Amino acid sequence: MATRKKELLRIDGQEVTISNPDKLYFREAGITKLELVRYYLAVAEGALRGVHDRPMALKRFVEGAEGEFFFQKRAPAARPPWVDVIELKFPSGRSAHEIVVRTSAQLAWVVNLGCIDLNPHPVRASDLEHPDELRVDLDPVPGVGWDQIRSVALVVREVLVEHALVGWPKTSGSRGIHVYARIEPRWTFAEVRQAALALAREVERRAPRLATSKWWKEERHGVFVDYNQNAKDRTVASAYSVRPTPDARVSAPIRWEELPACDPAELTLRTMPARFARFGDVGAGIDAAAGSLEALLELSARQRAAGLGDAPWPPHYAKGDDEPPRVQPSRRKAAPRRTKLPVITVARAARREDALAGLSRWRAHHPRAAARLAPEDVLVDAMRGRFTTWTRVRVNLQHVPEAERPAEEAPDPDFDQARWDPRQ
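Each step along the sequence shown adds one to the number in our numbering, with nothing skipped, and position 293 is 293.
I should point out that these hints are in silico values taken from the structure, not numbers from a laboratory. Owing to the predicted nature of the structure, the values given are computational and were not obtained by experimental measurement. Just to be clear, a hint being listed does not mean it is correct.
As the list claims (entries may be wrong) - With a straight-line cut-off of 25 Å between C-alpha atoms, the simulated SDA-like cross-links for lysine to any residue are:
| hint | residue 1 | residue 2 |
| --- | --- | --- |
| 1 | Lys214 | Pro312 |
| 2 | Lys319 | Arg331 |
| 3 | Lys340 | Pro324 |
| 4 | Lys23 | Pro246 |
| 5 | Lys73 | Lys232 |
| 6 | Lys232 | Arg102 |
| 7 | Lys6 | Phe90 |
| 8 | Lys214 | Pro142 |
| 9 | Lys319 | Pro91 |
| 10 | Lys23 | Glu68 |
| 11 | Lys6 | Lys319 |
| 12 | Lys89 | Lys340 |
| 13 | Lys214 | Gln328 |
| 14 | Lys214 | Leu58 |
| 15 | Lys340 | Ala350 |
| 16 | Lys232 | Arg27 |
| 17 | Lys232 | Asp322 |
| 18 | Lys214 | Glu63 |
| 19 | Lys232 | Gln72 |
| 20 | Lys5 | Leu58 |
| 21 | Lys5 | Pro81 |
| 22 | Lys5 | Arg27 |
| 23 | Lys319 | Arg302 |
| 24 | Lys5 | Gly30 |
| 25 | Lys319 | Phe90 |
| 26 | Lys5 | Arg79 |
| 27 | Lys89 | His316 |
| 28 | Lys6 | Asp147 |
| 29 | Lys5 | Glu63 |
Claimed, not checked - FRET-style restraints, in silico, Cβ to Cβ:
| hint | residue 1 | residue 2 | range |
| --- | --- | --- | --- |
| 30 | Arg27 | Ala284 | 27 to 37 Å |
| 31 | Leu356 | Ala407 | 16 to 26 Å |
| 32 | Arg302 | Ala78 | 47 to 57 Å |
| 33 | Ala77 | Ser151 | 45 to 55 Å |
| 34 | Glu408 | Ala288 | 17 to 27 Å |
| 35 | Ile344 | Ala77 | 24 to 34 Å |
| 36 | Lys89 | Arg368 | 31 to 41 Å |
| 37 | Ala288 | Pro401 | 53 to 63 Å |
| 38 | Gly307 | Thr17 | 50 to 60 Å |
No residue lacks a Cβ here, since even glycine has one placed at the ideal position from N, Cα and C.
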């Protein structure tokens, strides 16, 4: 059957062109680009609540979920006059005009560009320097089960409630959970991140065997409470975003009482419209629940008085005055009472699945060492490349007796991102 070159949709009084509507965006599930657009229109009330009036980085999968993606911060020059933009300044000192979505027509136009998920900044166009959202990203290390992630989410809720904030949970659409809290737009990005770090450390204090606030992957265990998602210029997939997984899972808002029985695999592009039609947007009250950061900032002050200084920032940010060394522990110079961690690189690949396949081959070649690895000993990193991200896999041999540790070999595969251009 011949595929159509375009489909014209009339949305909010605007004509939106969907190019290549029959193109498969999720091959395994048989989901087309037009079906992706229609999904977002079906849940538009909720999806727009998550992105409304926020600058958005465009994460474009022009070849569908199985293809490579790239981030586009600058709005396309060729855009309809009814698509809104605003100038956003970045920590590097540069600036760009980014898309601001306010209507269903604008939402469909963005999805037509290949944006499978939506990645807005935590600020509104009316005030770009003061976030109105505290984002708690629970990121499990490989091998951590869903029950443990849910347990940590409940600790997050407990800490938020005790500090006068309301947490709104949603699945990440991948392996984790996000908990958002609306805040009054009175604090800077640095202050919001400071509050998020205080929360992460308090969660770790209450559940030390389940959660961690450690930035370096080789030091993590359990569920990482990613405080750095609140640094300026960081974005997170918003509510009702479809994620680039084979089954087209959704970053789905849920009620706290649903959490014990929640199965993220059941929340997909094809199941969410019926759920939305039945329950509406279960996160609809979030905008009316803006709270204060004062209590969390007071907690941060107490932590600092007890000797806890700043924690590492992402690598492309200016180094803070009291930030610890920005070098992963295994690469630091020898220091008193500190042992260098035996971390080796086993795979580097443009695609995450190829890097994980390399890890499987390494395990097969070194079964005795692989059997001794704890979940937190496998370090899977999304690395920033020239045009997109690539994946590095390392293993920490700390639990392998020294006599049994395999020597570091050439990574398999050994991806050279400096020579790779996904546009070719």
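Practice problem: Provide an ascending list of the numbers of those earlier hints which the structure does not satisfy. | Solution: 7, 11, 12, 14, 15, 16, 18, 28, 34, 35 and 36
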